[in-house]
Amino acid sequence: MNNRLYGNLIFELSHPGRKGYSLPANQFGSFSTSQLPETLLRKKDAELPECDELTVVRHYTNLSHNNFGVNDGFYPLGSCTMKYNPVINEEIAARPEFTAIHPLQPEYTCEGSSAVAAELRRMLSEITGLADFTLNPMAGAHGELTGLMIIRSYHESRGDNARTKVIIPDSAHGTNPASAAVCGLEVVEVKSLADGTVDVDDLRRLVAENQGTIAAMMMTNPNTLGLFERSIPEIAELIHAEGGLMYYDGANLNPMLGACRPGDMGFDVMHINLHKTFSTPHGGGGPGSGPVGVRSGLEQFFPTVGAFNGNFGVYIKALVYILTIGRENIKMVGPLATLNANYIKERLKDVYELPIDSVCKHEFVFNGLKDKSTGVTTMDVAKRLLDYGYHAPTIYFPLLFHESLMIEPTENESKETIDGFIEVMRCIAEEAKEDPEMVKSAPHTTPIGRVDDVLAAKHPVVTYKQLISCADTNA
Amino acid sequence: MAKIEPGLYYSESHEYVRVEGNIGIIGISDYAQHALGNVVYVDMPETDDEITAGEDFGAVESVKAASDLIAPVSGTVVEVNEALEDQPELINQDAYGEGWIIKVELSDKSELDALMDGAAYEEHCNNE
Numbered sequence: 221m222n223n224r225l226y227g228n229l230i231f232e233l234s235h236p237g238r239k240g241y242s243l244p245a246n247q248f249g250s251f252s253t254s255q256l257p258e259t260l261l262r263k264k265d266a267e268l269p270e271c272d273e274l275t276v277v278r279h280y281t282n283l284s285h286n287n288f289g290v291n292d293g294f295y296p297l298g299s300c301t302m303k304y305n306p307v308i309n310e311e312i313a314a315r316p317e318f319t320a321i322h323p324l325q326p327e328y329t330c331e332g333s334s335a336v337a338a339e340l341r342r343m344l345s346e347i348t349g350l351a352d353f354t355l356n357p358m359a360g361a362h363g364e365l366t367g368l369m370i371i372r373s374y375h376e377s378r379g380d381n382a383r384t385k386v387i388i389p390d391s392a393h394g395t396n397p398a399s400a401a402v403c404g405l406e407v408v409e410v411k412s413l414a415d416g417t418v419d420v421d422d423l424r425r426l427v428a429e430n431q432g433t434i435a436a437m438m439m440t441n442p443n444t445l446g447l448f449e450r451s452i453p454e455i456a457e458l459i460h461a462e463g464g465l466m467y468y469d470g471a472n473l474n475p476m477l478g479a480c481r482p483g484d485m486g487f488d489v490m491h492i493n494l495h496k497t498f499s500t501p502h503g504g505g506g507p508g509s510g511p512v513g514v515r516s517g518l519e520q521f522f523p524t525v526g527a528f529n530g531n532f533g534v535y536i537k538a539l540v541y542i543l544t545i546g547r548e549n550i551k552m553v554g555p556l557a558t559l560n561a562n563y564i565k566e567r568l569k570d571v572y573e574l575p576i577d578s579v580c581k582h583e584f585v586f587n588g589l590k591d592k593s594t595g596v597t598t599m600d601v602a603k604r605l606l607d608y609g610y611h612a613p614t615i616y617f618p619l620l621f622h623e624s625l626m627i628e629p630t631e632n633e634s635k636e637t638i639d640g641f642i643e644v645m646r647c648i649a650e651e652a653k654e655d656p657e658m659v660k661s662a663p664h665t666t667p668i669g670r671v672d673d674v675l676a677a678k679h680p681v682v683t684y685k686q687l688i689s690c691a692d693t694n695a
Numbered sequence: 006m007a008k009i010e011p012g013l014y015y016s017e018s019h020e021y022v023r024v025e026g027n028i029g030i031i032g033i034s035d036y037a038q039h040a041l042g043n044v045v046y047v048d049m050p051e052t053d054d055e056i057t058a059g060e061d062f063g064a065v066e067s068v069k070a071a072s073d074l075i076a077p078v079s080g081t082v083v084e085v086n087e088a089l090e091d092q093p094e095l096i097n098q099d100a101y102g103e104g105w106i107i108k109v110e111l112s113d114k115s116e117l118d119a120l121m122d123g124a125a126y127e128e129h130c131n132n133e
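These protein sequence lines are chains L and F, in that order. Read in order, the letters of the first sequence correspond to residues 221 to 695 in my numbering. Read in order, the letters of the second sequence correspond to residues 6 to 133 in my numbering.
Simulated from the structure, these hints should not be mistaken for lab results. A few of these clues could be false.
Claimed, not checked - Keeping only pairs whose Cα atoms sit at most 25 angstroms apart, straight-line, the calculated SDA-like set for lysine to any residue is:
(1) F:K8 <-> L:T594
(2) L:K411 <-> F:C130
(3) F:K108 <-> F:G26
(4) L:K385 <-> F:H39
(5) L:K653 <-> F:G26
(6) L:K592 <-> F:C130
(7) L:K590 <-> F:A64
(8) L:K660 <-> L:S634
(9) L:K411 <-> F:D61
(10) L:K551 <-> L:K660
(11) F:K8 <-> L:K385
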């Protein structure tokens with residue numbers, strides 16, 4: 221709970237002239253800022269908040285209490301793989317041998333760091349069955365864009381400039397069509413079957429209709445419903461015969477660890493989210509890293525998509541994770557994540573609607589509560605979970621169902637944690653019947669209650685000045 | 006339950022066309038607005054733009070999702086519903102009336118034959 225003073229905005233705590241520092245006497249007394257050229261002078265005040273140090277510390281400590289991360293509790297955010305970030309990752313990455321180097325210093329003075337990059341590339345290649353990786357991309361979607369740029373360059377190098385279309389399943393992450401559009405490619409959507417996997421007949425029709433223009437097909441496996449795409453060999457053969465390349469969206473790589481490799485399935489290009497599968501921090505606490513791997517023969521098309529070598533600190537942490545777990549144990553990651561997801565699914569499917577009832581991989585999707593008569597929606601369930609101290613699952617994605625609620629527990633969680641979550645989910649289903657209004661107005665125990673998301677989307681207030689002007693208008 | 010207005014033409018992707026002479030008034034169905042939830046933004050074409058059946062001509066953004074608008078028919082845009090710029094919620098309140106999105110001059114009336122009538126559309130929604 222926020223302190224009623226320090227929980228206010230830092231601007232509201234500000235007092236003119238108050239400060240948290242004292243500077244030594246001015247040694248340049250004869251010099252005045254008015255002597256600076258006009259162009260270098262500020263036209264108006266910076267309007268920064270002015271506070272003493274203790275107020276600043278208390279304010280931000282109060283704010284931090286409103287945060288929720290993997291270290292606070294269970295975080296079943298589907299499709300995001302919110303793994304625990306082991307402390308040893310941070311310790312190693314914080315060593316001065318890594319933090320006190322500069323990207324512009326001569327390479328022979330930081331060979332250890334180059335070795336970290338080379339070692340990680342080698343391991344990612346072995347884990348995925350691809351020839352080589354670039355560690356340059358800064359995050360997953362950046363990796364997708366990089367991968368598509370590689371695919372474009374490959375086609376262009378052969379003088380095959382008509383290949384401007386990318387086939388993407390209707391269950392795909394929204395980043396897939398977005399990356400294709402940014403890369404100047406056109407999206408062709410392929411339908412899913414009732415069982416949630418790609419409709420190969422529809423794909424065959426699309427391939428025939430778009431002959432000679434298909435650059436690639438992007439696939440996520442397991443897909444966003446957490447289902448293993450069983451027709452990959454057939455799909456890869458179809459796309460390759462047409463002259464296109466197969467792109468693997470590595471967002472859901474976690475359950476594949478130790479079980480199978482995208483390279484062996486016929487994928488030519490892929491990205492990995494180190495901040496998902498390889499335990500580096502994820503979300504607002506990033507930064508992320510989205511290495512892109514290619515099959516042999518495509519390495520020459522790696523583009524430079526960022527300054528220097530990408531997010532170096534992130535890939536130290538990923539390498540530490542791989543080395544800490546080791547070759548044998550990493551094979552347990554996928555199966556354990558899969559077991560946890562299936563356990564939750566089976567224990568909840570009598571009270572939540574499971575639209576596709578089959579064995580899932582690391583995550584699965586409910587279509588809201590089974591009993592729709594109460595009017596309690598997926599949004600309400602997600603909000604009510606906050607009252608019990610859980611991060612909400614991913615909601616209203618994928619778009620294949622109206623009330624999607626997507627749960628991904630990861631392999632990290634103990635049976636007690638998972639049982640506790642199941643109990644709360646069942647309790648909310650019960651509350652929805654007994655007191656639907658209470659669930660619909662949740663959360664009740666968080667510092668901020670139910671927000672007006674329509675107003676927030678239409679009239680976002682994101683700065684103090686906007687807040688002041690809103691208050692003036694309403695006064 | 007979602008309202009389905011008889012006398013309109015419906016597409017599989019939940020747009021409707023109300024035909025008045027040679028003009029088609031296009032919007033999204035009550036079923037679609039219900040599924041999308043509160044609409045917060047509508048991305049619309051401009052007057053004189055050409056739209057082609059089966060291709061997107063804009064998007065509807067709700068608190069839950071952003072969804073492409075797929076043209077049920079081809080034609081030239083003669084009017085867009087400017088009221089939606091400030092009040093996108095009209096789509097939720099009155100999808101078939103004040104929540105209309107664009108008016109087009111139909112370039113090929115036979116395209117209407119490929120669309121569903123109210124009864125067929127109701128069946129389509131029940132199968133979703």
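Requested in this report: Hints the structure violates: just list their numbers, smallest first.
Outcome: Checked against the structure, the hints that fail are numbers 4, 5, 7, 8, 10 and 11, while the rest are satisfied.
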